[in-house]
Amino acid sequence: MIVFRLYDPPFPLFTCRCLGDTVLMDSLIRIIRQNSAISHADLARQLGIAETEVSARISELESDGTILGYHAVINREKWDADTVTAVIDVRITPEREGGFDRIANRIAGFEEVQSVYLMSGGHDLMVVVEGSNLREVASFVADKLSTIEAVLSCATHFRLKTYKENGILHALEEAPERLAVTP
Amino acid sequence: MKHRIAAHVRQIPKSGIRDFFEIVQSMKEVISLGIGEPDFVTPWHIREAAVYSLEKGKTGYTSNLGSPRLRRSIAKYVERHFSVEYNPHDEIIVTVGVSEAIDLALRAMLNPGDEVLYHEPCYVSYSPEIALAGGVPVPVSTRAEDHFVLRATDLEKAITPKTRVLMLNFPTNPTGAVMPLEEVGKIAALVVKHDLVVLTDEIYSELTYDNVPHHSIASISGMKERTVFLHGFSKAFAMTGWRIGFACGPTDIIEAMMKIHQYSILCAPVMAQEAGIEALERGEQSVERMREEYRLRRNFIVSSLNDAGIACHLPRGAFYVFPDIRCTGLTSKEFSLQLLAKKKVAVVPGTAFGMSGEGYVRCSYATAMGQIKIAVERIADFVRG
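So the sequence lines, in the order shown, correspond to chains A and B.
Using my numbering, the first residue of the first sequence is number 4, and each one after it goes up by one.
Using my numbering, the first residue of the second sequence is number 7, and each one after it goes up by one.
A hint or two may mislead.
[As the list claims (entries may be wrong)] Below, a list of computed lysine to aspartate or glutamate pairs in the EDC-like style, where the Cα atoms sit at most 16 Å apart: (1) B:LYS230 x B:ASP258; (2) B:LYS34 x A:GLU180; (3) B:LYS349 x B:GLU35; (4) B:LYS379 x A:GLU114; (5) B:LYS350 x B:ASP387; (6) A:LYS147 x A:GLU114.
[Stated by the list, open to error] Computed footprint of chain A on chain B, listed as stretches where at least three residues anywhere in the stretch have a Cβ under 8 Å from a Cβ of chain A: (7) 21-31; (8) 43-50; (9) 127-134; (10) 295-304.
Calculated directly from the structure, the hints in this document are not laboratory data.
Beta carbons: idealized from backbone N, C-alpha and C, even for Gly.
Let the sequences and hints guide you as you build the complete structure.
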């Protein structure tokens, strides 16, 4: 698995312990979570495995449903500035058979809905909705969401500004100055 | 007006890295693999703790040895990571970086003419610091085929009746070498046999990869009483500019170091000390995150250089690779200067780290992956001619 060409040391230095499979997969997933646009060739060099193996591993992750999709994180100040995002706290009546799942899936099915989470605390579901304007979101809440029989209440909060999203800061940090060569 | 500068200061040669820095600084759009500090900014929780300490008005002197709370944190951290117990009351001193600690220890221990051994290629300051403290620097070469590990047999040949101190720096700047336990044991035995004191600079100790453990010589039985253990925050916690480090050792040596420190420095900056407490007590996750990033970059740079035809061993520690550039027929200095002029990539000639660095250059991978990628492509172009 290790493809580095190392000098053969004449006296025993270390027993070369190959990285375990889980460690490798952890690293792979961590890298593509941060940068899914990375090339397989670069991944191969960083992980110390062959490019063909990287491709095989990724197809496997895609086909077994571990990797569900890839997204770009867009700065909304620069693109789609009018898009409206709302976070809605929803209280629902759980059902005897399905618990929260059936209702949650029903809500998740709407195209306007970006994310649905089952939450602890005062509300049951947190629903993130996106629309091209305020009216679109409002009508989704009034016509679709609150009319579902099991839905008891909705509290809608609109996004005013994004500071950090999916681990990425939206205000670009100025790179601090570094000396060109240091000991 | 002649000889305003003391003879022993005049005798110290200008740093090779300094010359090179001047040239790089005068050029534009250079990608530098010549930087010996993390490219990460100090983790936010550490910066935030320092800001909070300022808000609370912590702006005065601390004890000469460093704030008691920081010394207690250091004692716990060193015990947990290095398996050596130090008493925070009188066996630990907080210094302005490890550099000050080295200077203090050498000045505290050396009489004029005492010989100090150190392994080469090594950090640029060791030889001048020894000379400034009145000692005689005696380098012991290490070799690429040993992965730049210090061999006890080579060390023993350099020991004379005048040898007082052995300086160690593993993981090593510039080679990334890590010492296997077996060899540390052999060196410890030599130190006892010849009644030396070890000055061990373990600033890169958190940065080892592939499950290769770091072994502190201080943790070997019988070594604590003849070892001054030096460590700091700069590399693992990305805190170079805070200028804070520490020394742990036998009471008599720490007491002597404190004497010099209290008259010349008084105490390390209080803000940096406060940040240091946060780093040691809650910094583990940040270190882990940075270490993993360094590991990936190391893999990338080693495999790219080897593919370009430049032999580069896989270093197990620090954040440097030390490739062999002899295949180009150039000296280290020629290689570095020509690479800079033709391809605008800065690497540091191996000779900046001692004569045994000839034939090698140091490339730091404490630089963003994107930059490393462009730099190695340019190096590959350069080698192809």
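(message) Taking the earlier hints as the rules, which of them does this structure contradict?
(response) 4
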